[in-house]
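Chains A and B are the protein sequences, given in the same order. Under my numbering, the residue at position 208 of the first sequence is numbered 980, and the numbers go up by one with no gaps. Under my numbering, the residue at position 619 of the second sequence is numbered 1391, and the numbers go up by one with no gaps.
These are calculated hints, taken from the structure and not from any lab test. A hint or two may mislead.
Said to hold, decoys possible - The calculated lysine-lysine pairs, modelled on DSSO-like cross-linking and capped at a C-alpha distance of 27 Å, are:
hint : chain 1 : residue 1 : chain 2 : residue 2
1    : B       : LYS1466   : A       : LYS1466
2    : A       : LYS1466   : B       : LYS1207
3    : A       : LYS1603   : B       : LYS1405
4    : B       : LYS1688   : A       : LYS1603
5    : A       : LYS1207   : B       : LYS1466
6    : B       : LYS1688   : B       : LYS1643
7    : B       : LYS1603   : A       : LYS1466
8    : A       : LYS1405   : B       : LYS1603
Stated by the list, open to error - Selected chain A positions facing chain B (in silico; Cβ < 10 Å):
hint : residue
9    : HIS1481
10   : GLU1503
11   : VAL1562
Said to hold, decoys possible - Chain A side only, calculated, beta carbon under 7 Å to chain B, not exhaustive:
hint : residue
12   : GLU1106
13   : SER1528
14   : PRO1563
Every value quoted in this text rests on a predicted model; they were computed, and no experiment measured them. Beta carbons are placed, not taken as given, at the ideal position from N, Cα and C, and that holds for glycine.
There are 2 protein chains.
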Amino acid sequence: MASKQMVYFFGDGKADGNAGMKEILGGKGANLAEMNRIGVPVPAGFTISTEVCKLFEKTDVQAPKWLVSEVYTNLKLVEKAMGAVFGDAKNPLLVSVRSGARDSMPGMMDTILNLGLNDQTVEALAARTGNARFAWDSYRRFVSMYGDVVMGMPEDHKTHRDPFEVLIEAKKEQRKVKFDNELTAADLKDLVKQFKAAIRKATGKAFPDDPRAQLWGAIKAVFDSWHNRRAYEYRKMNSIPHEWGTAVNVQSMVYGNMGDNSGTGVAFTRDPATGERVFFGEYLINAQGEDVVAGVRTPLPISQLDKDMPKVYAQLTAIYQKLEKHYRDMQDLEFTVQEGKLWMLQTRNGKRTGFAAINIAVDMVREGLINPREALLRLKADQLNQILQPIFDLKDKKKAVAEGRLLAKGLNAGPGAACGRIAFTPERAMELAQKDKVVLTRVETSPEDIAGMQAAVGILTARGGATSHAALVARQMGKVCVAGCGALDIDYVAGTMKVKGFTLKEGDWLSIDGTTGEVIAGAVATSDSEVIQALLPNPKLSKPEQKKLMAAASKGRVYQNYLQIMSWADQYRRLKVRTNADQPDQAQSAVAFGAEGIGLCRTEHMFFGEGSNNEKISAVREMILSGSVAGRKAALKKLLPMQRKDFEGIFLAMGERPVTIRTLDPPLHEFLPNDEASQKEIGERMGLSVEQVKAKVNALHESNPMLGHRGCRLGITYPEITEMQARAIFEAAATVAAKGVKVHPEVMIPLVGHKSELVDQAGRVRAIAEEIVGKAKVKFPYLIGTMIEVPRAALTAGEIAMVAEFFSFGTNDLTQMGMGISRDDAGVFLKDYAERGVLEYNPFETLDTVGIGRLMQIACDDGRAARPGIKLGICGEHGGDPASIEFCNQLGLNYVSCSPFRVPIARLAAAIAELKQNPPAKKAPAKKAVAKKAPAKSVAKKVAPKTTKPVANKVPVKKAK
Amino acid sequence: MASKQMVYFFGDGKADGNAGMKEILGGKGANLAEMNRIGVPVPAGFTISTEVCKLFEKTDVQAPKWLVSEVYTNLKLVEKAMGAVFGDAKNPLLVSVRSGARDSMPGMMDTILNLGLNDQTVEALAARTGNARFAWDSYRRFVSMYGDVVMGMPEDHKTHRDPFEVLIEAKKEQRKVKFDNELTAADLKDLVKQFKAAIRKATGKAFPDDPRAQLWGAIKAVFDSWHNRRAYEYRKMNSIPHEWGTAVNVQSMVYGNMGDNSGTGVAFTRDPATGERVFFGEYLINAQGEDVVAGVRTPLPISQLDKDMPKVYAQLTAIYQKLEKHYRDMQDLEFTVQEGKLWMLQTRNGKRTGFAAINIAVDMVREGLINPREALLRLKADQLNQILQPIFDLKDKKKAVAEGRLLAKGLNAGPGAACGRIAFTPERAMELAQKDKVVLTRVETSPEDIAGMQAAVGILTARGGATSHAALVARQMGKVCVAGCGALDIDYVAGTMKVKGFTLKEGDWLSIDGTTGEVIAGAVATSDSEVIQALLPNPKLSKPEQKKLMAAASKGRVYQNYLQIMSWADQYRRLKVRTNADQPDQAQSAVAFGAEGIGLCRTEHMFFGEGSNNEKISAVREMILSGSVAGRKAALKKLLPMQRKDFEGIFLAMGERPVTIRTLDPPLHEFLPNDEASQKEIGERMGLSVEQVKAKVNALHESNPMLGHRGCRLGITYPEITEMQARAIFEAAATVAAKGVKVHPEVMIPLVGHKSELVDQAGRVRAIAEEIVGKAKVKFPYLIGTMIEVPRAALTAGEIAMVAEFFSFGTNDLTQMGMGISRDDAGVFLKDYAERGVLEYNPFETLDTVGIGRLMQIACDDGRAARPGIKLGICGEHGGDPASIEFCNQLGLNYVSCSPFRVPIARLAAAIAELKQNPPAKKAPAKKAVAKKAPAKSVAKKVAPKTTKPVANKVPVKKAK
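This is chain A alone, in the form it adopts within the complex (with noise of 0.2 Å):
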């Protein structure tokens, strides 16, 4: 016996469990029992907790007596409320069994339906129901799914198919039909006999006859499918942790395929691909829940029912409106109509598009049904992402269309553009994806198929409707999705796919628009998003073009939406936002994204100009190439101008936003042509052979650049770099400033490891910035600080704070060097180690907390103890990462900076953030914050007090096993 509960059951309008109690009974148990508590029809049945899923890790574990026990006394409840028995031969329950994790993983886990049939229950259920196919039919679903989840039917060793809708196909062929609903109930009990022994062939078992043995291999399957490889790939890729494990749930069948009066569906309280408030949702009549999701019959939309069933509708109308206000979310339902009696099988919070979450965010609060700070936590920062990726260019559709390229039209399952080549596996989508773009393109899409789903830019099918499996996975990654494009003929063995004439073969260029459901052939070009169209002008039209588009863009429901967002976003948030820019175009993009500052602006991109820039390069190039302080002394005046220019530029972009510049920080060696041609031309310019040329590259050569001569090392060993570097963003400072521009230039130091190398760079840099502040007309602020990219740097952070006024985390290098991992070598082992599980996530797209992590605590507590109120940010690329904004906001950073178009994800990042840590009060002003215009800062103060002292590990922490 357990020492406390592990069966929970539900049914007859009571319930052991609850909405709250998903961490043990999973989503779904948890929403069965809360909505027998709500008094929503529930087939009745019981829920085995996720404590129980350890058990079964090894294969051939054994039930223990007290889980069999409790499921026995469970059952027996189940059979009370439903006034039938299991196994009984005349009047038998039949169950589904059901897997069920705290987070939905749909489809990733196994199900078992129609469970309890056996050759004598069969006939019980041909009798009670009088309708002998569909007891038959039932059967024949039963043991195929049994045989292939719990007993492991291998593949056709042929087709490579299902084996069981092989012998279906022949049996068809067999009796000249097209569908399986023509076959009847003797061929259906042939089919049952041929599967049997097909099952008894290849696994050398015989099918269970016993209903109890059946429920047994079925919870030890489904529990066991918690460790399936494609269920490890999906957590992996959504981050829940292994160790959750899922719950079984095993509940009474109810049947939709009865008969006309039967049926069965999937619906959303919302759109979940565009959010719009409309009841969306498909069914099939007569029809197994099986058949919508799998998209194998193409369903009816939903607003059909109204016709084939009214009073149903009607109900389920006015279920689902009560489920949504109940749970205060959109929903993800499944029901099933058994002869004209409607049961609710699931209810859940549904997944959706970007596009839908952040609509239906909005909408709900406008609703009165939430507010603004539920509205941001329903939201992952990433799926802005989404509403800023471009669509396709209006004028080059138009023409492909009129080129007659428009091949199809399908469902609009995943808005967004998508232009790549045809994939017609998974695995050859993975192999392409390596070089190109790819569009997978499937029959119909399966959970298998999830890692060529991931590795594709687009997914089009030719089968299943808006809730099938490709939409709904394809919703969930935030991909491009024609579903249920029925014209096209896609042929696996011949790798071709024909459609209105056009025969496409695999490697093809192929457009779909999952916002109209367009398939075209050839690749269409895409132009900007409605809400990047709103922000930014279009550099490709003239200034009255740009104007008129901004503002029809600017109308929009999206970018409205995305502007509500963004508004309640810098309400709740603490973390001030910056970019990385390093040209004034990018400085202006990032504004109208909403940066508040540049936190990086590498110099030496400036280097790399184009056109009459590859002055610049020149110059470099015989800085580095003379040999002597003079020579240098001498390239660099001729670069002063061109650097103060640059800078002039940021400075004016960014106004009054403080800009942080970081002095010469890649090795020399970088600058230099490795090319003989380009090589002869910067000696002849500079009167060297090229063998000296060579010879100056080679010298330059090191074994371990990123540890080598670079960052402060290089301004250390030449201080003339960093004199003239500072010279020019003074300079450029102080002509901005004298137009009445207020600039806030920082200086940060890279590569500091030890106090007295920014004691070197900082003095130079201070007494340049004295002297030119010093003579300057309107005097400015400035700051002068330094990277913390070495970990020596963030373990004496004490004393460089002495000399720093800024902090700014390079957790690039930090994790470079912290974990001991190059870059630009780790793809060869990073990927062994993701497929062995040693680590599972990439630590240069999501810091590592724990480790990297730890240095940037020590950093921060000993950096502010030196120098209270020091300044304190992130400029590596974790700085657009949610998941690193939301540690950066415990760590109390001043502020994050990234790239100009992650931005807006970083904004809404660092509420989402706030909100977890520090959630407001409960009477904080809710209704005040709705207001669009609401004074951002002050608001933000009230609700959000700044923490001093950051709690360490409170964010969920990367795993390695």
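Once you have looked at the hints, place chain B on chain A.
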């Protein structure tokens, strides 16, 4: 007025200060005070505190009023004690102004003698002494010294010599005399005139006639000389903090050049080169101290004084014995005899060679003067190096002598054998030393030569005695030195040295024997030192010859004293000392040196065996080049018996001592050949084209191999490698255990950064270990642990210690990653850093206790918390560095591991560290500890209880400015 006393009087048997006040009085000042207190005759004077030094950091500082007033008050006391008046025209007091830092920095700072002389007082001096020549000689010395030191006279631009020396030479030529003392009073008077004129011409300033102006000029210049280049370099080399500052001693002059009843000398209470208990020193009749130290005139041995001035010699003998007894250490004395009266000018603990240090320490314990703990604390562990260094091979030296290559014999000023290329200037010495060993060959050395002396392996001078600058500095640096070899005719301009008919040029090979004073043309082969001869069998000899040689060497005094020191060290140290060894012969040597285990056996070094072992590297290459697991396994199968044999040898050599074996560490490309011939060969052997081999070599190329695919990352990608190595280790251990040896294998996984990596690798090793130990006839214990060399490993040591049974700090890589400095590439900028004072030590030689040390502290604390009693060690090269060992002792590590030849040094360093950090209680049985074969362990435990929680930052921290 300063808030506390800044000027301290001494004289007349009284003193304000004492020997304990070195911090503020400097060593010289404190000892002058102390000598006064114990009744030794010392000319009166006063010391200006080191705290005043800071005032003179800037060159144009005026002395503050309070200082002027304090100095004049004390000057009055001196006048009273000496019965003379400063600047008085009839009875003038003359003074010397000398530096005096806390630690002696001989010759590094400036000195002014005879201060107070001018055109009036010189006449008074002449009148009072009745010796005009003496008076004018003093005056010309004063003017030249003052001109050089205070007024900054440039060197003569033609001869690059001292401008005043040039004038003297000219005068001697004019007067047709050979020696300085043949010049008359009139000659000297004329020289004074010439000197003053030269000063005015070169500096534009007049020589000051006012004694008070002279005094302040001198005080400022001497304080200022703390900041000069050579003093700075010296401090860096000797780890003396720049902020200590020097004191200034103003002391009454006494004169050794008042005629033949006067003289001056320098003496040591024991021989500073050999440590022999003889009164050792030199003097000059009718000379000033300068003449002895500068090596300009070759002085007489001190024993001669007994004949010249028997009364004075008796008095001196009594004084030196008193002083040695008082200070309980070998003293370095300066004295002057003025007209038959003995004055002591200085006493201090004498610098000595490593030989002398060891011998004196042991002798003084035997004499009952000090106890063994004090003896150990007197030593620097690195001094042991000297007695381990090779000496000249007797046969080869005999041969050189037979060939007539013995050029001359000088003073044996620094024992040992040095063979290198001749360099005549310090600059050239530093240049040549980049490629070859160098013997710096000079007429005489001066403080300007210090960096060149450091760069050379040996120092040879034509002039100067055993207490000359060359001898003094060489002793202190532990350099081989032959001094005062008068037969050499060195011509800097011609760049030649003529001797005995030979003419040697710069770059020619020369051998000098610092033990015998012999100078030999060409290279002479070296052989083992006495200690090495006694400890290690010479592989070139037959077994009986080996035995004979070892027995003979064992009787030597140096070896006996080595044994004594090691015995004491083993009594007091807490740290175990292991060795890094990859081959059985290395292991055997290490055991002879006292290694208590192997801390690091690098399996990859075994792959590059010689002779028949070529098969090993071939098998390794096959493994790397094969593209499949099967191919790799086949190659590893060939490798297994070879590795097993290697390990058997190691286990046999180490016996019961623990042996830590590291699994494969370096990136695979290091094993592949880069030249086409070898590529072709291995290709042919494996049936691959050169192109295929090249392609593989290229594929393995990495941007930053240091941070690439190596260490445990290899073992995770290719688990079969780890498994082969584990099998080889444990099969070897089982075989050796079966022979009755109690083996203790410890398997160490390299480059772990995540616990999961160790889980993977340790799991594989443990599985194989269990299998083999399970089947073995004789069971044996083993450990599996990891290196801590990736910063993240230190930062997550708590997690890692859940799996690791021991940690071994790989401080080479920990330093590279923690500082972000590639050791291979650091040469370029660490040179600049050193020159600019940004980083004053090489972090790859001496551990950065502040930054990298903090990582180690974190790892120790968290590792112990997670696994109490976890075994902790260090196997980076810092494990053999005394300063780093001190830190390791403080961390409470269990052991350090270093190269075999550094094992004795590490043993001594460990004892010194423990005695410094945890001084034993006074009641410890000191007498007992003298016994040679004291039960080391039990005593050590009694006197040095284990510290469980080390205190951070007690070790003097290496500084970056």
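Check your understanding: Of the numbered hints stated previously, which ones are contradicted by the structure, given in increasing order?
Key -> Hints 4, 10 and 12 not satisfied by this model.
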